[in-house]
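Residue numbers (the numbering used here), protein chains in the order written: chain A, 1 to 330; chain B, 331 to 754.
Warning: the hint list may mix true and false statements.
The list that follows gives simulated cross-link-like pairs (lysine-lysine, DSBU-like), each with its CA atoms no further than 30 Å apart [said to hold, decoys possible]:
1. 733(B) - 721(B)
2. 321(A) - 716(B)
3. 321(A) - 721(B)
4. 716(B) - 325(A)
5. 550(B) - 572(B)
6. 572(B) - 642(B)
7. 160(A) - 189(A)
No wet-lab data here; the hints were simulated from the structure.
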Amino acid sequence: MSSSLQLNHNGNLKHFLSISGLDKALLTSILDTADSFIEVGERTIRNVPLLRGKTVVNLFFEPSTRTRSTFELAAKRLSADVLNLDIRTSATSKGESLSDMLMNLEAMASDMFIVRHAQSGAPHFIAESVTPGVGIINAGDGWHAHPTQAMLDMLTIRQKKGRIEGLKVGIIGDILHSRVARSQIRALKMLGADEVRVIAPNTLLPPEIESLGATVFNQLSAGLKDLDVVIMLRLQRERMHGALLPSEQEYYKRYGLTQNALKYAKPDAIVMHPGPINRGVEIESAVADGKQSVILDQVTNGIAVRMAVMSMAMSGQTEAKNLLKEAQSA
Amino acid sequence: MKLKLVDGQYLSPDQTWKSFKSIYIEDGKVKSIDQDADIDTERTIDCSGLRVIPALIDLNVTLKKATTNSNTEHSEVEAAVAGGVSTFCCSPDISPINDSPAASKLLASLASAQSKVEILPLGALTQQLQGEALSEYAELRDAGCIGLSNAYLPINDLLTTKRCFDYAHTYGLSVFVHPMERSLYQGSMHSGSVSTMLGLQGISYLAESIAVSQLIMLAKNSGAHLHLAQVSCKESVDLIRKAKNDGLTVTADVAVANLVYTHEAVQGFSSVFHCCPPLRDETDRLSLINAVKDGTIDAICSAHQPCGNSDKQAPFAESAKGLSTIEHLMHYAKMLDNSGELSVEAFVKAMTLGASKALKRHAPLIEIGASANLAIISSGNAKELKAGSMKSFGKNSPIIGHKLLTEVTHTLRSGELVYEKQSS
Numbered sequence: 001m002s003s004s005l006q007l008n009h010n011g012n013l014k015h016f017l018s019i020s021g022l023d024k025a026l027l028t029s030i031l032d033t034a035d036s037f038i039e040v041g042e043r044t045i046r047n048v049p050l051l052r053g054k055t056v057v058n059l060f061f062e063p064s065t066r067t068r069s070t071f072e073l074a075a076k077r078l079s080a081d082v083l084n085l086d087i088r089t090s091a092t093s094k095g096e097s098l099s100d101m102l103m104n105l106e107a108m109a110s111d112m113f114i115v116r117h118a119q120s121g122a123p124h125f126i127a128e129s130v131t132p133g134v135g136i137i138n139a140g141d142g143w144h145a146h147p148t149q150a151m152l153d154m155l156t157i158r159q160k161k162g163r164i165e166g167l168k169v170g171i172i173g174d175i176l177h178s179r180v181a182r183s184q185i186r187a188l189k190m191l192g193a194d195e196v197r198v199i200a201p202n203t204l205l206p207p208e209i210e211s212l213g214a215t216v217f218n219q220l221s222a223g224l225k226d227l228d229v230v231i232m233l234r235l236q237r238e239r240m241h242g243a244l245l246p247s248e249q250e251y252y253k254r255y256g257l258t259q260n261a262l263k264y265a266k267p268d269a270i271v272m273h274p275g276p277i278n279r280g281v282e283i284e285s286a287v288a289d290g291k292q293s294v295i296l297d298q299v300t301n302g303i304a305v306r307m308a309v310m311s312m313a314m315s316g317q318t319e320a321k322n323l324l325k326e327a328q329s330a
Numbered sequence: 331m332k333l334k335l336v337d338g339q340y341l342s343p344d345q346t347w348k349s350f351k352s353i354y355i356e357d358g359k360v361k362s363i364d365q366d367a368d369i370d371t372e373r374t375i376d377c378s379g380l381r382v383i384p385a386l387i388d389l390n391v392t393l394k395k396a397t398t399n400s401n402t403e404h405s406e407v408e409a410a411v412a413g414g415v416s417t418f419c420c421s422p423d424i425s426p427i428n429d430s431p432a433a434s435k436l437l438a439s440l441a442s443a444q445s446k447v448e449i450l451p452l453g454a455l456t457q458q459l460q461g462e463a464l465s466e467y468a469e470l471r472d473a474g475c476i477g478l479s480n481a482y483l484p485i486n487d488l489l490t491t492k493r494c495f496d497y498a499h500t501y502g503l504s505v506f507v508h509p510m511e512r513s514l515y516q517g518s519m520h521s522g523s524v525s526t527m528l529g530l531q532g533i534s535y536l537a538e539s540i541a542v543s544q545l546i547m548l549a550k551n552s553g554a555h556l557h558l559a560q561v562s563c564k565e566s567v568d569l570i571r572k573a574k575n576d577g578l579t580v581t582a583d584v585a586v587a588n589l590v591y592t593h594e595a596v597q598g599f600s601s602v603f604h605c606c607p608p609l610r611d612e613t614d615r616l617s618l619i620n621a622v623k624d625g626t627i628d629a630i631c632s633a634h635q636p637c638g639n640s641d642k643q644a645p646f647a648e649s650a651k652g653l654s655t656i657e658h659l660m661h662y663a664k665m666l667d668n669s670g671e672l673s674v675e676a677f678v679k680a681m682t683l684g685a686s687k688a689l690k691r692h693a694p695l696i697e698i699g700a701s702a703n704l705a706i707i708s709s710g711n712a713k714e715l716k717a718g719s720m721k722s723f724g725k726n727s728p729i730i731g732h733k734l735l736t737e738v739t740h741t742l743r744s745g746e747l748v749y750e751k752q753s754s
């Protein structure tokens, strides 16, 4: 899906909307590029001029602290001008349509939109129908995709395990509502993970999740067995109200990652979480802060991965525009 | 008007194609076949290479508005005749909602102001289609409504539904229902592998089949005629088949889109395929086709829902529902014929004999003495469909840019030429 939407005529990234539609070579090159930016983060002067003179607009239609901050930092480290729009107090609350608002921003010579939206497919819609000339980076859409999160997770796994091929990975928690899980499953399968398990009660699993290549486990201990990587998902408290789960206590007892439960995984398994963590709801503090946890590494890697996709998509956009100009003048 | 069709093929009452030298039409009726080739008429249509079918009857059209600026030309009426349709049921979800005699009369005035098609109004099953209080069924019937429907909106609870049936049966009105169980009908597409992949909330087949089973029981209990509108899944088909075998007078239709497309069409968040009921999976699609073949599903409808361009310009779940289909019904028929899944004859049968069965009307056949409601079709001219050439206000057609496989060249209603394709 969407490969033609995300790639320019030379097969290079021009929007980053979903993992789906991107091949192993491209995903690997995102990781390699991100690796090179990690070194930048360790310098005293952390800026590189790749996006100098470019305008990046953070369009967060849903509240976010971490993702938005890391995108802003990433854009600034690439020397871009960054505009943060608080959507709740601007345009769409005055009745302006999404399309009109975005076209106005495009007219202000924006080069890239970082979009988070509650509706699945909103970034696709913007890239396809509204402002195709602006690079769109999906910062999370509905339950659909959160591809930069998945890529920073892949980077973290590759750093800690040296590879992704052949690993057994389990994702535990609310898979149904998770855009993170969907992108992770895609990325893990594409990058050659041996097995991707989803571990949850049936009310938190979407239908036919096996079609994405995941194996379903209802029981935590069986699901954790022999895992190299354990990924926890945040459990939204409102799930208790929709008759999806009876109580936090029952959930924690069956699916919470405690030190005891973690013993079922391989001794050197790493523990990941996209944040923010609910201590005592899905994960025990001792595990979140324990030696197997790589949760803070994920945050650090988030900046490098976002620098990578922004610089790659910006260069793909420029390339696409040059190709178009050449075609028009020919 | 005296009119003559010469040298073509027509779909005969035994559902086979027969060649004819002439079909002579006078006083709105087919006067003779192959007998009056030499008679002088005001108009002669050369049908060589063309096929004549009974004009289509469409059980489900959304008009959006009951009025037009001039009240003489309505874009959707123009679209209907261009699609070979001579009669259609008008869903009550128009502006104003058809839940009062005044609204019905407004619609009747539109129907009488233009004589190109016969518009059969469906009255609202509940006031303002809110699913709560009954509308005035007797008044609606007297104002010309031929049945009742709650359009695409669910009815609140089973008690209200039961009373709708009981009260409708009092006045001999058929109840057209889109089966949907309100609490389960949450989402924007079929619940399955594609909804999971796209992260869109899915509507389970259960939201429909549970409603179908309840509606069948309520219809049986009340004695009212139940017409199940736009069934979409295998489980519904199975329930209808059993009800028919049990001798219940239930009828059903399916939207053409559900015969042609599956949920795979939504890949890439294609909002043109956002519709109600949703496009389901391949098992469902094949089951629906088989049900049309064996008569479990009586009729095919267009489920035509014209949408303005901006209505579809939104993220998938927020985009308007529906497809603009009425102009190209015979294109879809040919698609199904080409794939070997459903013959054009069976398609036309479902949109004529099947639909008239649901309406409890006389079957439209091409035979001497029958009303001359006819459509003439050609094989397509291999030209790509352009949005600008569509008559419908709604350009939300999935086949824009596709080559038309079949086109309607003429439509006749009661012997009058109501549509003639302009040569381009």
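Hint check:
no., hint, verdict
1, 733(B) - 721(B), "holds, 17 Å"
2, 321(A) - 716(B), "holds, 28 Å"
3, 321(A) - 721(B), "violated, 37 Å"
4, 716(B) - 325(A), "holds, 27 Å"
5, 550(B) - 572(B), "holds, 13 Å"
6, 572(B) - 642(B), "violated, 38 Å"
7, 160(A) - 189(A), "holds, 18 Å"
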